[in-house]
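**Student:** Letter by letter, the chains look like this.
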Amino acid sequence: MTDLDRFVETFLNPALAQKTWPAIANGVLVTVEVALAVVATGLALGLALAYLRAYRIRPLNALIIVLVDVFRAVPPLVIILIAYFGLPNVGVTLSAFAVLWLVLSLVLAAFSEEILWAGILSVRKGQWDAARSTGLTFGETLRTVILPQAFRLAIPPLTNRTIAITKNTALGSVIGVAEIINQAQTAVAVTGNATPLMMAAVAYLLVFIPVLALAGRIERRFAWNRA
Amino acid sequence: MDLFVSQFLNLDVMRQAWPLILRGLGMTALLCAAVIPLGLAGGLLVALARRSRRAWLRGTTKILTDVLRALPPLALLILIYSGLPFAGLRPSPFLAVCIAFTLNASSFYGEIYRAGIDSVGTGQWEAARSTGLTEFQAFTSVVLPQAARNVLPDLVSNTVEVVKLTSLASVVSFTELLYAADMARSVTYNASPIVMAAGLYLLILWPVVRLVSRLEHRVAA
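Protein chains in written order, with the working numbering: chain A, 162 to 388; chain B, 3 to 223.
Just chain A, same shape as in the assembly (with noise of 0.2 Å):
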């Protein structure tokens, strides 16, 4: 056998492919799943957040900073931890899932809180007092005129984020969630062989690839001409 007959034998070998790649499959629609729930809660979370802080009440403020804080400082990973072994011994048992879409979208609630606020900061005063002087309310020019603008310069670092923070559903394998790679070590420990992790490779490049294209179609879509 030669050399490269070895390689192609232990990383490319097409029937554990075949053998191995339902499992894959199921990573897959695991990523996803996780992925989608943490991107519908954590935006909107996040969002929610964003508009309370809108109001400037003073002690909610700053329980909103500390939390938002909290959650960009700590390694989701660590979070994840605790949640996963600290819950059942004070009475609440998550299953796996539940932790990890728990955790993540808190965490995508805390930056994308920040990049949003950071957006409704940016639009300028006359805009509020334009709005206010036709007669609109507080919350009317906050969700009309202001948020639209602020969700603009938001967008960039918004999808940067969000993408970021989807990755992170690997960190489920830690904890036993069957997502890609999780999957592929288990195949790796089975068949003693490495092509199931060029399989989790290839799958995360198809699931990850056309995301990255579509953010920056959307950063191309909505980016402002400045001069």
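Because the hints were derived from the structure by calculation, they are not lab data.
Each hint should be verified, as a subset may be incorrect.
Covered stretches of chain A, as calculated for chain B (at least 3 residues, CB under 8 Å) [claimed, not checked]:
no.	stretch
1	168 to 177
2	206 to 217
3	274 to 282
4	322 to 336
5	357 to 363
All residues carry an ideal CB built from backbone N, CA and C; glycine is no exception.
For this one, chain A is given, so just place chain B on it according to the hints.
**Tutor:** Chain B alone, transformed into the frame defined by chain A:
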């Protein structure tokens, strides 16, 4: 409430775990001291390669960085740590982590530098060249300093991400902060050591996160 405190903020458990956690913190510092400079240097190389006159170099760099940006860092780490032994190479956990995170950090730092270099007007290049500086001198002493300043918030915020990234080294049994804390957790059946690790990350990164917010708000304003 008492139950919560005893399970998450148990001072006795924390005191026991402290020596172990302190050693873990040292290893985390070591890892950061390796990966952050390597990533910053690698990122610069990436940014330069993306501006090269050679089309093949620009092309391969783009493909490589796109792949590295699409792969979750944990997946990349596992690919390297569990994949290389099949090719007859057995990297230590430390080496595997350094390789994986340098690759990952370089591609992100590279994008940031690139945006920074693009933000410096061509007039700066031309003016620098017209004073007799070589292209290399114009880049290192005129363009790069301005580029770095323009993207400073992004550079700092990505560095926070790299520090947080080092916690993934625990997955390949490198004895950094999170690994040490999780070991203490599995011995004591108590989450307090991990809460303590979270506190340490917070202590180190919170001032930086605040700084990033202020830098970003200033740029936006």
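**Student:** Output the indices of the hints that this structure fails to meet, ascending.
**Tutor:** 2
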